[in-house]
Amino acid sequence: MALVLNDEQTMLRDNARGFLAKNAPIAHLRALRDKRDAEGFSRALWKEFVEMGWAGILVPQDYGGLGLGHVEAGVVMEELGRTLTPSPFLATAVLAATAIARAGTDKQKQHYLPKLVAGDLIATLAVDEFAKHHPDHSAMTAARAGKDFKLNGAKTFVIDGHVANLLIVAARTAGKAGDTSGLTLFIVDASAPGVRAERTPTVDAHNAARITFQDVNISAENVLGKVDAGWDVLEGVLNVGRAAVAAEMVGASEEAFGRTVAYLKERKQFGKAIGEFQALQHRAAHLYCELEVTRAAVLKALQTLDDSYDRAGAIVSVAKARAGLSATLAVQEAVQMHGGIGMTDEFDIGLFMKRVRVCQELFGDSNFHADRLARLNRY
Amino acid sequence: MENPENFRKETRAWLEANCPPEMRRPAQTEEDTCWGGRHWKFQSEAQRLWLERMAKKGWTVPEWSREYGGGGLSRDEAKILRQEMRALNCRSPLDSFGIWMLGPALLKYGSEEQKREHLPKIACGEIRWCQGYSEPGSGSDLASLQTRAEDKGDQFLVNGSKIWTSYADRADWIFCLVRTDPNAPKHDGISFLLFDMESPGVSTKPITLISGASPFCQTFFDDVLVPKANLVGKLNKGWDIAKYLLTHERDMIGGMGSTSENRSLGQIATDTVGTDNGMLADTVLRGQIAAFEIDALAFRLTMDRAGDMAKAGQAHHAVSSLLKYYGTELNKRRMELVMSAGGTDALEWEGERSREGRTARAWLRSKANSIEGGTSEVQLNIIAKRILGLPGA
Numbered sequence: 090m091a092l093v094l095n096d097e098q099t100m101l102r103d104n105a106r107g108f109l110a111k112n113a114p115i116a117h118l119r120a121l122r123d124k125r126d127a128e129g130f131s132r133a134l135w136k137e138f139v140e141m142g143w144a145g146i147l148v149p150q151d152y153g154g155l156g157l158g159h160v161e162a163g164v165v166m167e168e169l170g171r172t173l174t175p176s177p178f179l180a181t182a183v184l185a186a187t188a189i190a191r192a193g194t195d196k197q198k199q200h201y202l203p204k205l206v207a208g209d210l211i212a213t214l215a216v217d218e219f220a221k222h223h224p225d226h227s228a229m230t231a232a233r234a235g236k237d238f239k240l241n242g243a244k245t246f247v248i249d250g251h252v253a254n255l256l257i258v259a260a261r262t263a264g265k266a267g268d269t270s271g272l273t274l275f276i277v278d279a280s281a282p283g284v285r286a287e288r289t290p291t292v293d294a295h296n297a298a299r300i301t302f303q304d305v306n307i308s309a310e311n312v313l314g315k316v317d318a319g320w321d322v323l324e325g326v327l328n329v330g331r332a333a334v335a336a337e338m339v340g341a342s343e344e345a346f347g348r349t350v351a352y353l354k355e356r357k358q359f360g361k362a363i364g365e366f367q368a369l370q371h372r373a374a375h376l377y378c379e380l381e382v383t384r385a386a387v388l389k390a391l392q393t394l395d396d397s398y399d400r401a402g403a404i405v406s407v408a409k410a411r412a413g414l415s416a417t418l419a420v421q422e423a424v425q426m427h428g429g430i431g432m433t434d435e436f437d438i439g440l441f442m443k444r445v446r447v448c449q450e451l452f453g454d455s456n457f458h459a460d461r462l463a464r465l466n467r468y
Numbered sequence: 085m086e087n088p089e090n091f092r093k094e095t096r097a098w099l100e101a102n103c104p105p106e107m108r109r110p111a112q113t114e115e116d117t118c119w120g121g122r123h124w125k126f127q128s129e130a131q132r133l134w135l136e137r138m139a140k141k142g143w144t145v146p147e148w149s150r151e152y153g154g155g156g157l158s159r160d161e162a163k164i165l166r167q168e169m170r171a172l173n174c175r176s177p178l179d180s181f182g183i184w185m186l187g188p189a190l191l192k193y194g195s196e197e198q199k200r201e202h203l204p205k206i207a208c209g210e211i212r213w214c215q216g217y218s219e220p221g222s223g224s225d226l227a228s229l230q231t232r233a234e235d236k237g238d239q240f241l242v243n244g245s246k247i248w249t250s251y252a253d254r255a256d257w258i259f260c261l262v263r264t265d266p267n268a269p270k271h272d273g274i275s276f277l278l279f280d281m282e283s284p285g286v287s288t289k290p291i292t293l294i295s296g297a298s299p300f301c302q303t304f305f306d307d308v309l310v311p312k313a314n315l316v317g318k319l320n321k322g323w324d325i326a327k328y329l330l331t332h333e334r335d336m337i338g339g340m341g342s343t344s345e346n347r348s349l350g351q352i353a354t355d356t357v358g359t360d361n362g363m364l365a366d367t368v369l370r371g372q373i374a375a376f377e378i379d380a381l382a383f384r385l386t387m388d389r390a391g392d393m394a395k396a397g398q399a400h401h402a403v404s405s406l407l408k409y410y411g412t413e414l415n416k417r418r419m420e421l422v423m424s425a426g427g428t429d430a431l432e433w434e435g436e437r438s439r440e441g442r443t444a445r446a447w448l449r450s451k452a453n454s455i456e457g458g459t460s461e462v463q464l465n466i467i468a469k470r471i472l473g474l475p476g477a
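One line per chain: the protein sequences are E and L, in this order. 90 is the number of the first residue of the first sequence in my numbering; add one for each residue after it. 85 is the number of the first residue of the second sequence in my numbering; add one for each residue after it.
FYI, nobody ran anything at the bench for these hints, they're computed from the structure. Backbone N, C-alpha and C fix where the C-beta goes; we use that ideal spot for every residue, glycine too. Be careful, since some hints might not be right.
As the list claims (entries may be wrong) - Which stretches of chain L does chain E cover? Using the computed rule of at least three CB atoms under 8 angstroms from a CB of chain E, they are:
#1 151–164
#2 307–318
#3 386–400
#4 465–474
To be verified - Counterexamples of contact, computed for chain L against chain E with all Cβ distances above 12 angstroms:
#5 Ala101
#6 Glu168
#7 Asp256
#8 Asp272
#9 Gly362
#10 Leu381
#11 Ala382
#12 Glu434
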């Protein structure tokens with residue numbers, strides 16, 4: 090498949106860009122942050138996403154979704170990255186929708202997917218338990234209780250965790266931390282007795298939560314996929330999330346870079362535009378190259394998820410690692426090249442640095458993915 | 085293309101029938117790669133036959149039109165041909181600067197007569213070309229070149245010297261940048277000339293590099309007479325052709341690092357430093373190799389994307405600077421890691437075990453990648469100016 094967007098994807102990008110510039114520019118994030126909004130996102134904006142079909146972008150048409158692919162979801166993520174828009178899109182439309190659509194029974198799909206598409210449910214994935222992403226080290230337990238299960242443990246860094254109605258939770262039904270077998274995925278009602286969410290807003294003013302589970306009863310019909318064999322499903326969902334977050338970083342870093350280049354042309358010191366200084370020109374040109382190389386890898390990862398979902402692991406790690414590094418360089422250079430004004434809260438450029446730092450950690454940072462690639466290549 | 089799968093099948097069948105088995109093993113020595121030319125000595129009958137058959141088919145230059153000795157294939161068909169050749173491990177039948185550089189420039193800027201005269205001889209490997217660009221005093225500032233071509237009626241009189249002329253001592257003809265108007269601004273007084281290296285007054289001297297013997301020469305022109313019919317394009321408009329051709333050279337150099345893979349870095353390092361629990365025992369080196377592999381794969385995709393964008397009419401003309409800059413820096417990084425992974429084995433300079441210091445020489449040679457064809461710094465200047473539009477660049 091050619092490594093360019095097709096006409097429909099380009100149209101989706103243009104529409105998304107136009108819509109977000111008008112309805113959710115960075116001022117939207119600032120407003121939510123400054124009034125310490127209890128939910129951390131705008132229900133009204135999410136309703137508009139739902140009306141455009143974005144909540145069901147990855148949901149098959151049989152369940153009311155748009156039935157589009159990961160490239161299209163990535164297009165939306167990239168545009169959300171440009172405007173730093175907080176929304177349940179990643180958690181609900183990308184992660185939870187993929188988990189249920191890929192691993193759910195017919196009954197589960199019929200029950201949940203139309204509700205996700207309609208915006209009636211906010212859903213998310215609860216996987217991390219530590220400060221660093223180590224999904225195979227999950228220790229949270231799901232003990233058998235007759236035919237049912239009893240969940241005990243804690244999850245951290247759950248995106249939109251305090252506003253989600255539905256949690257996809259990875260817990261151990263067998264084995265020990267470090268084993269990839271013995272993990273099982275559960276669909277958990279966030280209002281079930283014993284589930285407690287503590288909102289932990291992150292540095293970028295986006296939503297995250299720590300969630301504890303104390304003797305939470307889960308009926309067998311809420312197992313997602315097979316008992317003890319949740320790893321492959323989880324890896325697939327994580328790959329989807331990683332590629333989506335990589336796309337978001339492409340958007341955030343390119344926006345930060347565009348603003349920086351514009352500033353280099355406009356800011357004058359020593360009687361000329363600072364963009365005339367070769368010391369800055371070469372750094373900007375190098376950064377441009379890094380961003381272009383990342384863009385190719387991210388598009389390829391999204392296309393691979395659409396074409397051969399089960400073989401996307403390596404290229405997704407390449408994309409996530411690259412995006413993390415080039416976006417980090419982009420936002421660091423952005424702040425440095427903006428000088429003093431880049432350090433002020435009033436100026437937007439610092440917000441890009443904050444968001445990219447969070448995206449870097451989400452579902453494995455660049456080091457995690459370099460290690461993963463080395464393992465896949467057996468060295 | 086009517087039916088790509090039919091074309092693929094036919095192509096594979098033809099290659100299987102016509103590519104000699106000896107030509108389906110990787111090239112080991114420099115002579116295994118056929119460069120053609122008047123003085124070329126074929127390594128084997130198989131090498132001669134393979135060139136002859138491919139040239140007859142027009143597949144040494146598959147995308148050139150048939151009247152110029154090409155195969156008349158579409159871009160997609162040529163891609164299938166390359167894929168099938170790779171699948172059968174077929175060697176390239178002919179490598180040359182005529183194919184990579186002069187040919188595209190002639191197709192765009194040459195007269196009909198020049199195309200008919202020179203392109204078929206490039207396609208069949210009859211004439212081997214070299215490139216006369218850099219001069220001892222004109223490296224990054226190429227447009228300051230001083231080799232002069234004076235108007236002598238129906239001929240030019242050429243005097244001066246070129247440097248870094250690859251294979252000048254083995255080439256039959258040279259495509260050369262010369263100054264035809266010393267009084268014009270530097271970019272506006274340059275012309276693009278073709279001439280025979282056997283012309284009286286042409287001499288060459290090989291250059292030894294830090295990596296040892298090299299294809300590079302210094303080339304001297306002492307009252308060389310060149311017919312005016314050998315001027316390509318318009319008088320004093322050679323800089324446009326030079327720039328166009330440089331983009332082809334950059335693509336070629338930028339892509340070099342990705343095609344020379346033998347053992348992966350992970351394998352080399354596994355053999356030398358060993359493993360611990362299935363992971364490289366040197367964990368810092370392991371991380372560096374993984375980081376490199378991430379960038380290398382992403383760069384290969386960037387080259388693919390550049391091709392796809394060109395096809396979709398979305399490419400930026402300065403993208404070759406990106407590919408040249410990134411590809412050569414990546415290749416240097418790879419060679420540093422090869423040396424690090426190879427340890428003291430990689431330091432051997434002579435003898436059969438190290439194949440005459442192949443690794444060490446390749447490492448040293450890679451340092452030229454970011455100098456030749458426009459330095460990395462020049463590429464960054466071009467990106468800053470033409471893509472980012474930064475002032476004064």
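Results for each hint:
1. 151–164: violated (count 0)
2. 307–318: Violated - the stretch 307–318 of chain L has 0 residues with a Cβ nearer than 8 angstroms to chain E, which falls short of three.
3. 386–400: Holds, because 8 residues of the stretch 386–400 of chain L bring their Cβ atoms closer than 8 angstroms to Cβ atoms of chain E.
4. 465–474: holds (count 7)
5. Ala101: holds, 32 angstroms
6. Glu168: holds, 20 angstroms
7. Asp256: holds, 38 angstroms
8. Asp272: holds, 25 angstroms
9. Gly362: Given that some Cβ of chain E is not farther than 12 angstroms from that of Gly362 of chain L, nearest at about 7 angstroms, it is violated.
10. Leu381: Answer for Leu381 of chain L: violated, closest chain E Cβ roughly 5 angstroms.
11. Ala382: violated, 4 angstroms
12. Glu434: holds, 30 angstroms
Consistency with the previously given hints fails for numbers 1, 2, 9, 10, 11, ordered from lowest to highest.
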